[in-house]
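Top line first, the protein sequences correspond to chains A and B.
For the first sequence, position 35 (counting from the first letter as 1) is numbered 35 according to the UniProt record's numbering, and the numbering increases by one without interruption.
For the second sequence, position 123 (counting from the first letter as 1) is numbered 123 according to the UniProt record's numbering, and the numbering increases by one without interruption.
With a straight-line Cα cutoff of 27 angstroms, these simulated DSSO-like cross-link-like pairs (lysine-lysine) come out:
no. : chain 1 : residue 1 : chain 2 : residue 2
1   : A       : 57        : B       : 18
2   : A       : 18        : A       : 36
3   : B       : 36        : A       : 18
4   : A       : 57        : A       : 18
5   : B       : 18        : B       : 36
6   : B       : 36        : A       : 57
7   : B       : 18        : A       : 18
8   : B       : 57        : A       : 18
9   : B       : 57        : B       : 18
10  : A       : 36        : B       : 18
11  : B       : 57        : A       : 36
DEER-style ranges, computed between Cβ atoms:
no. : chain 1 : residue 1 : chain 2 : residue 2 : range
12  : B       : 153       : A       : 191       : 55 to 61 angstroms
13  : A       : 118       : B       : 149       : 52 to 58 angstroms
14  : A       : 178       : B       : 100       : 50 to 56 angstroms
15  : B       : 120       : A       : 178       : 47 to 53 angstroms
Simulated from the structure, these hints should not be mistaken for lab results.
Each residue gets a CB set at the ideal place from its N, CA and C atoms; glycine is no exception.
Next come the chains, spelled out residue by residue.
Number of protein chains: 2
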Amino acid sequence: MAASAGPEIERLIALLSKLPGLGPRSARRAALALLKRREQLLQPLAEALAVAAERVKTCSLCGSLDTQDPCAICDDRSRDTTLVCVVEEVGALWAMERASAFRGRYHVLGGLLSALDGVGPEALRVNSLVTRAMDEGVTEVILALPATVDGQTTAHYLAERLSNAHVSVTMLARGVPVGGELDWLDDGTIAQAMRARRPA
Amino acid sequence: MAASAGPEIERLIALLSKLPGLGPRSARRAALALLKRREQLLQPLAEALAVAAERVKTCSLCGSLDTQDPCAICDDRSRDTTLVCVVEEVGALWAMERASAFRGRYHVLGGLLSALDGVGPEALRVNSLVTRAMDEGVTEVILALPATVDGQTTAHYLAERLSNAHVSVTMLARGVPVGGELDWLDDGTIAQAMRARRPA
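Using the sequences and the hints, build the whole thing.
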């Protein structure tokens, strides 16, 4: 980037380009869009970020993000406290909530075990999961982890660690996604869907 | 988006999703990335936006954005004041500067004439361009406008408007872009490059 914009604009572009989904070019476009729409976009975003920086906390129970602790989900008495759904990250928790397919509580691991990236169990919220599974009247722990090598390694490890907790440990079904055309699916998904076939 | 994140996070996501290049899904990912990296990303971005909102101005001479007015380019005495390069937007000005192919000054139009979108000359910085071309010892106006229908319409209109200003009006060459494989170029570009062919 040439020094045609002042250092303040350069710094804004550099920070925006660190966001996932924005590269150097789209960060410049975003900075311009912000500077063109100051009242509608730039100032509100600056304020929203300052508010988030000040108020959003990690829930001490489940590890999710909210302005209250415990978070609104952990605090919701209408939810089933016997079920705990383990997710990798807050993004996965939000995805589960959008699907409205689960009315229990969550546990955010904060990552996946990864030999390659050197992530061991001590880097994840594993101990607090085992404690919750033992203490809180939990009957089922659902491992909603990604269908990747690291996701499955982590699921196996968690199942092992939870084996003394007197809870049933389950995982999401694998198969053909809704709207999935067989033509476009990878072989692994088709093989899984075939192995897990059920009466029509 | 379910109400699983608090209203502060929802508002942050809604604002981020208005940035060009970010949709609802990538805005959620960006919000999470920000909340995970508070010291390194969230707070610096909040501050950079606040600084930009306060300090960045539109240059009263050329229409570019800078913290000073006149902007650093208009204020740079080493630049050739006889040349004015007309660009659609500040993003195009930055692109020209990155290319380091022009050492004169700029004029940011603020858009293109568009019959479809109802943009007429009065919505653009046309009059100030004509005034500059007449008053400031300018000898050449280079129209660096996009090679689109609106860009060419605007270029023709500006050439007409500048016909009494005793300046030569030029435009960027059209042809094969650097690295352009003929196989992958559109017919229009190839035809232009053929018409504008020159001795090898």
